[in-house]
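*Asks:* Sequence:
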Amino acid sequence: MGAQALQLQITYEAPILSQSNNTGHEQSGNKGSTFETKMSFGLGMITLLLIFGYFYESFQEIQRQEIIVIAIDRIEAASDAKKD
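Numbers 869 to 952, taken from our numbering, label the letters of the sequence shown in order.
Don't take every hint at face value.
Ranges of calculated distance between the beta carbons of each label pair, as one might list FRET restraints [said to hold, decoys possible]:
1. Ile-940 to Ile-914: 34 to 42 angstroms
2. Glu-904 to Ile-940: 49 to 57 angstroms
3. Glu-925 to Thr-902: 45 to 53 angstroms
4. Met-913 to Ala-946: 44 to 52 angstroms
5. Glu-904 to Glu-925: 25 to 33 angstroms
6. Ile-943 to Phe-903: 26 to 34 angstroms
Since the hints were derived computationally from the structure, they do not count as laboratory data. This structure is a prediction, so every number in the text was calculated from the model and none was measured. Note that CB positions come from ideal geometry on N, CA and C, so glycine has one too.
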């Protein structure tokens, strides 16, 4: 008795469409798919440009404020104080 005795079979039969209806649907779907692909690619490019722009501006701001130089000076001062 058990799982070996129980067998479940599910079948699905897709509805058959006439050739004329199927052809018209494929053409309109292809145009939509091309448009969607171009729009997705365009939005992806815009997103990448915005991300790169953000990092570029952040880098410029860090350079302008000399945050790294200040941090290095503080670390050197702390290490000099420990040596004394």
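*Asks:* Starting from the range 34 to 42 angstroms, see whether the pair Ile-940 and Ile-914 falls in it by beta-carbon distance.
*Replies:* Holds, since Ile-940 and Ile-914 (Cβ atoms, about 37 angstroms apart) stay within the stated range.
*Asks:* Verify the CB-CB distance for Glu-904 and Glu-925 against the hinted window 25 to 33 angstroms.
*Replies:* holds, 31 angstroms
*Asks:* Are Glu-904 and Ile-940 spaced within 49 to 57 angstroms by their CB atoms?
*Replies:* Distance hint for Glu-904, Ile-940 holds at roughly 50 angstroms.
*Asks:* When you take the CB atoms of Glu-925 and Thr-902, is the distance between them in 45 to 53 angstroms?
*Replies:* violated, 35 angstroms
*Asks:* Look at the Cβ atoms of Met-913 and Ala-946 and judge whether their distance stays inside 44 to 52 angstroms.
*Replies:* holds, 45 angstroms
*Asks:* Assuming the hint says 26 to 34 angstroms, is it satisfied by the Cβ distance from Ile-943 to Phe-903 or not?
*Replies:* Violated - the Cβ-Cβ distance for Ile-943 and Phe-903, about 55 angstroms, lies outside 26 to 34 angstroms.
Hints 3, 6 from the earlier list are contradicted by this structure; the remaining hints agree with it.
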